[in-house]
Each structure stands twice: as structure tokens, then as C-alpha cells.
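Student: The chain contents come next:
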Amino acid sequence: MTTDSQLDLWEVFIQSRNGSHHIHAGSVHASDRKMALQNARDIYTRRGEGTSIWVVPANAIAASNPDDADMFFDPADDKVYRHPTFYTMPEGAKQI
Amino acid sequence: MDHQNTVVRPNEERLSKFEEHVGEGKAVEPRDWMPEEYRSHLVRQMSQHAHSEVIGMQPEGNWITRAPSIRAKQILLAKIQDEGGHGLYLYSAAETLGISRVEMIEQLQTGKAKYSNIFNYPSLTWADIGAIGWLVDGAAIVNQVSLQRTSYGPYSRAMVRICKEESFHQRQGYEIMANMMNGTADQKEMAQDAMNRWWWPSLMMFGPHDGESPHSANAFKWKIKRHSNDELRQKFIDKTVQQAEVIGLTIPDPDLKWNEEKGHYDHGEIDWDEFYRVIRGNGPLNKQRIAHHVKAHEEGAWVREAAEAYKTKQAQKYN
Ligand SMILES: [Fe+2]
Ligand SMILES: [Fe+2]
Numbered sequence: 000m001t002t003d004s005q006l007d008l009w010e011v012f013i014q015s016r017n018g019s020h021h022i023h024a025g026s027v028h029a030s031d032r033k034m035a036l037q038n039a040r041d042i043y044t045r046r047g048e049g050t051s052i053w054v055v056p057a058n059a060i061a062a063s064n065p066d067d068a069d070m071f072f073d074p075a076d077d078k079v080y081r082h083p084t085f086y087t088m089p090e091g092a093k094q095i
Numbered sequence: 000m001d002h003q004n005t006v007v008r009p010n011e012e013r014l015s016k017f018e019e020h021v022g023e024g025k026a027v028e029p030r031d032w033m034p035e036e037y038r039s040h041l042v043r044q045m046s047q048h049a050h051s052e053v054i055g056m057q058p059e060g061n062w063i064t065r066a067p068s069i070r071a072k073q074i075l076l077a078k079i080q081d082e083g084g085h086g087l088y089l090y091s092a093a094e095t096l097g098i099s100r101v102e103m104i105e106q107l108q109t110g111k112a113k114y115s116n117i118f119n120y121p122s123l124t125w126a127d128i129g130a131i132g133w134l135v136d137g138a139a140i141v142n143q144v145s146l147q148r149t150s151y152g153p154y155s156r157a158m159v160r161i162c163k164e165e166s167f168h169q170r171q172g173y174e175i176m177a178n179m180m181n182g183t184a185d186q187k188e189m190a191q192d193a194m195n196r197w198w199w200p201s202l203m204m205f206g207p208h209d210g211e212s213p214h215s216a217n218a219f220k221w222k223i224k225r226h227s228n229d230e231l232r233q234k235f236i237d238k239t240v241q242q243a244e245v246i247g248l249t250i251p252d253p254d255l256k257w258n259e260e261k262g263h264y265d266h267g268e269i270d271w272d273e274f275y276r277v278i279r280g281n282g283p284l285n286k287q288r289i290a291h292h293v294k295a296h297e298e299g300a301w302v303r304e305a306a307e308a309y310k311t312k313q314a315q316k317y318n
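Residue numbers (numbering that gives the first Met the number 0), protein chains in the order written: chain S, 0 to 95; chain X, 0 to 318.
Isolated chain X, as found in the complex (with noise of 0.2 Å):
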């Protein structure tokens, strides 16, 4: 698209005008001015949510020859499937910020961009396939249903074409524990170790306590955040522990216990220690998941030439 500017006004200007529209409550287009730093949060925000999708493919993937049933292997593929359609909606909203697509895949794999640290953790049981569904998508979906009003208008409505389609992600997750622990005592406890092991990197999945967010400030500010992380991740621990009770597994937090006056629960202190581990790319598989990554876009480049030089011909044939 042409972009030319035909009214310059100076900068300070144009920024009061950007916050009285964004404090109206009003949507950012990407034609509209906006501040360079706004831009920048949005682009790293956004391409991370991006990446998190395509890697996050990974730890499922993991299970597709494996999955116990034709029926369980259609809803995990159709589930993997729905993911990658979420990382493309995503790449395709962060483009219009001016970032092309090559550039963000570099970044994811070169180590300049982050994406959630949940999926540096291995799924080594079908149970996991289970706890991902339910608690990893769940934790994803309070964070999405949140972004859904955040203010860039075309991230806002790419969170909210996810949201509708990740209720199923979060159901056919739940589903498999139940079954799970309807079944022999070897399934159940699968399924508790299951819980175990993904239950605190959920809630590492917000990010942060409040206090030590790095970039929230003007996130606020500007709307593009709309809940602070300790809200979130409260809000995922209400609604999750029901649940889990309904089931019958118990969340690996002795502390965890429901404070009358505040109507929440209270949970145990999150290991943040183990968070910036992962975070730094010390995880089980950080590594792993980059060079699974570079391999598949690598071994996908003669597809993007074909492709190319098939437009190049047909293009000479017509002209």
C-alpha cells in the first residue's frame, strides 16, 4: 500500500492525539500514527504470540502417530492444525506493522525473538496431550479473551477469530483427563503426574508478577494490555481448581486454598528462578525446538522456489 503523508504535524501533536483516541476506547488501524514505541511493543508482542503458536505445533506433534484412537488422532491433528492457522493469523496481523515475515522467522531463529516457555517442556505421556489442551490452552485462553479488546485493531480481531476456535482446544484437552481418571489406576496417575509437571509452568505462562513486569507501562497506557498478569493468572487458578476437583485430580500446590474475604484462591509462591532458566534457553528443549524449526523451513525452501519459479513462467508464457 502507498503511504504518503500529506498532513505533517509535529510529533507531540500527534501523540496527544493518539492517546485521547486510544483512551476513547477507539481502535488503532495500521495506517493510523502511532508512537514508534507503541509499534515496537506490538511487534515483539505480537510476533512472540506468533511463534508461540508455530512452536507450540511441536510438543503435539509429538503425539500424532501415538494418539490411542482414529477418533483422538483427527481432533489432535485438527487441534495442531488450528495452531499453525493461529500463527498465521498472527504473522499476518504483525505485518501490518511494517515487520515482513522473514524478518520475524529469523528472529525466532536466531534466538532475537522469544515465544512462550511452556513449550521448552517435553510431552512425554498422552496424558500430557491432555494437560496441554487443558490447562496450557486454558491459561492461553484467559490471556487471549483478555487481547480481544486490546487496541491494534488487527491483533484485536485475530484474538478474537481465536478465541471462538480455541474453546475446542480447551474441551478436547479436559476431555482426555477425564477419561484418564476414569480409568485404571495406572491411567489416573499418568494423568496426576501429567498435572504435576504442567500445572506451575501454566501459571509461569503469565508472565511476571506485577511488580516486576518489564515492559507494562505503556502497554497500559496505550491499551494494548487490558489485565496485569497477577490478574490473569488468578483468574485461570479460580476457574481451573473446579475442575479439577470435578475430576478428581489434585493441583500440586499445598498452599493453594480459597480465601473467603477475597474471594480467590491463594496459591503457593511460583518457582521464578526455574522460569528465567527456561527463559535464557535453558529449559529441556529449547534447543530442540529452534533446530526442529530451522530444519522443517529449511527443508520447505524448494516448495517456496518451485513455487516462485512456476509464477516466473507463467508470468513469461502470458506476456
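So that you can see chain S by itself, here it is in the shape it has in the complex (with noise of 0.2 Å):
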């Protein structure tokens, strides 16, 4: 058995439809972008799941740390005020 490379990790977000977001769907392996963006349509998008594909090399994505996240997402916490439901509106008024 030979101990051959099984090129780059490349992850692939999928958009669905015009308009939307790209989605994260999973990752390819591929030697360069073109491979990576022809295999991640073989792969996932057989039955017209896509109209747009974005693949990018694993090593380049930075991700927050899970065990940070309460730190990391609290400054969001207090700030009720970022929200309309905070507001009180006058007796009557309509359409805000």
C-alpha cells in the first residue's frame, strides 16, 4: 500500500437559491481551486442544490472558541436596548 496524499481540505459553502446565503455544506478534498470547486459540485450539488459555490482551504477559516463563547458573546448581553421591543410607543400610535 502506498502512503499517498489525499490533497487539501477545502470547506464548501453552497448557495441555494438567488438571493440567499452561502451555506456551509461540508468540505472536498482538491489540489487547487478549480478541483475543489468541480468536486464540491459533484458532491454537493447533484440534484440542482446550488447556484453558487464558495470553497475555501480549511487552514484559512479562524473559528471562535467554544469554551469562550459566554466571554466572547457578552458583550451582547446587556444591551436590551439593541432591541424594539425595548422601546414604549405611545397609546394609539400605528404602523411602527
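There is no bait here: all hints are sound.
Covered, in the sense of this in silico footprint (three residues per stretch, anywhere, with C-beta under 8 Å from a C-beta of chain S), are these stretches of chain X:
| no. | segment |
| --- | --- |
| 1 | 81-88 |
| 2 | 91-100 |
| 3 | 299-310 |
No lab work stands behind these hints, which were simulated from the structure alone. All values derive from a computational prediction rather than experimental measurement. Where is the CB? At the ideal position from N, CA and C, for every residue including glycine.
Two chains, two frames, a set of hints: combine them into the complex.
Tutor: Below you can see the structure in the form of C-alpha cells.
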């Protein structure tokens, strides 16, 4: 058995229809971006699931640490005034 | 991805947090802390699942050149291509647990990792392609539907995608069986023969009875597994009996009968000696399946080498 390379790891993001976000679908192995796009197409969009694909080298992604999640997202925790429900609207005002 | 844990908690505290999280029905993601046993259980199960998809391409691939019509050939090709895709979704999901694809393939080729026993049986006639789609994919679907709610996020998401694709697999198989049962006496006999050979191995796909299932206690506690082997097997039997009746096939089990009280079918004893004989490598085709995988892998090595060489050359050009 030869120990050979399985090529580089790329993360795949697919836009399922025009106007929507690209959403992470999984990963593929490929040696370059063109191969990564073709492999992603063959693996993740065999039934018209996509209108656009992004591939990103897996090692280029920075991710937040789940252990630090409480601390990391803390700045948003005490700012209720960022939500429309925080405000008292005068009685009788419409369409606001 | 860089992986730095800045907050270090003792393992016991982490374990109880983990179990609480899983107990609430929440998903575990690749960078979350998890017990080593959870990780290793998933690596074993997911890689075995991926290998099954890939090795499962062989018995069907055996009939591509002999498919009875262009329509049948196109369908079979698309089905097998899906199975290759399923293998890749699952390898991709397993890689998030820190095992590389090279390692997984090596474990398959050296026999350290298993794949589903069912693919060690030969596909002898065209009716076997019908039986595989209907029964083997049918059994796999019951298992995979249950796994859509498994606790590990990447595995669960791969299962959702796979289940969407599987229903065509089962229907194309059932259609083949139905057509043959509408055909000549020889065709009917061929279909029944395939049924006779694939029924019991399909029931074995769910694994040993609950009392003898080696890895299940933590798998339930950590919600990797949501239903027991026997529960899933029963579900498969209950829905398949009617489908067989509709097209006039007999299920090769004289003890099979409806149990009014339980609301399920009772079935005959499964031949576990055969199951363990095949799992230990003495099935009809164990050696051939792996030899074929090694051959295809080695014959493809030059493609991977060429791709790497091209990448290096391109990098030199633009730097
Ligand atoms: Fe599959
Ligand atoms: Fe399938």
C-alpha cells in the first residue's frame, strides 16, 4: 500500500438559490481551487441544490473557541435597547 | 483550524457539562469539548459508515455494463454515484473529529475498520440490483432516519442530506422487483431467489440483538444512538412485509406472522453464526472487496501525484 497524499482540505459553502446566503455544506479534498470547485459541485449539488459555490482552504478559517463563548459573546448580553421591544410606544400610534 | 483552549477545566466538570448539554438534546460541534470515548466511538461508527457506502458501490457496479436498458443503466449509475457521494459526506464529517482520510482508508484496507457485512455477498443476477435497492437501502434508510437526530452535528447533518437522496434508491430497487414480478415465470423466480438470498443479511444489517450489542450503553447516554438495533430491525420488517405482499414476493421466513397484541410482526431466529462468520472475514467476498478497493486506490495514485505536481508548478509560477 502506498502512503500518498489525499490532497488539501477545502470547506464548501453553497448558495441554494439566488438571493440567499452561502451556507456551509461540508468539505472536499482537492489540490487547487478549480478542482475544489468541481469536486464540490459533484459532491454537494447533484440535484440542483446550488446556484453558487465558495470553496475556502480549511486552514484559512479562523473559528471562535466554544470554551470562550460566554465571554466572547458577552458584549451583546446587556444591551436590551438594541431590540425594538425595549421601547415604549405612545398609545394609539400605528405602523411603528 | 487553530485550536487553543484558553479556559482549562478539570475533566469531571467538563464531562458533566457535556452530558447536560447532550441531555438537553443539543448538538455537539467539532470544537466542543467531548469525552475521548465519545470521539472514538464516533470515529469508529462514522468511518465504518463511510466505508460501507464506498464498498457498497462494488456489488452494484458489477451490473452497470449488463443493465437491461439505457434507462436502467442511467439510474444505476446515478445511484452508485450517490453512494460515492455519501461516502465522501461521511469521510468529511469524520475528519472533523481529527482523523485524516489517509488514516481511515488505511484502516479499511488493513481490515482494522469494518464496513457493512452485507456487501460481502455477491450480486448474481439483475434481480439482485432490485433487492439491494429495495432491501439493503431500505434497511439503511431506517437506520439513517434514526441517525438524523444523532448528537454529533456534522454526522447528523450528513444524515439529513443522505436521507433526502436515499428514497430514490429504495424506489428504483422496488420498481425493478415489481417489474420482474410482472414478467415471465423465469423472471418471477429470479426475483424470489434474490429475495431469498438478501432478506436475512438485510435483517443482520441492524447488528446483534440489543442484549449482545457491544458498544451501546454510552452510545445511548450520549445520544449517538437514538433507537436500539432490535427496534430498528422491527421497524424495517413491519414496513417491508406489506411491500413484498403487494408484488407477490414471499418472505423466506416460515415463522413470520403478525402479532396482533404487539402490533408488530414476529420473525424467525436470525442465523448469528453466519453473521459472525462473515464479520470475521469469511464471507463470500470479503477478500475480493478489499483487494478491489486497494487496486482502485493504487491505480488512482498517479492522478493525485499529478495534481500535487501541478499545484507546486503553479505556485512557483506566481510567486
Ligand atoms: Fe448511501
Ligand atoms: Fe443508497
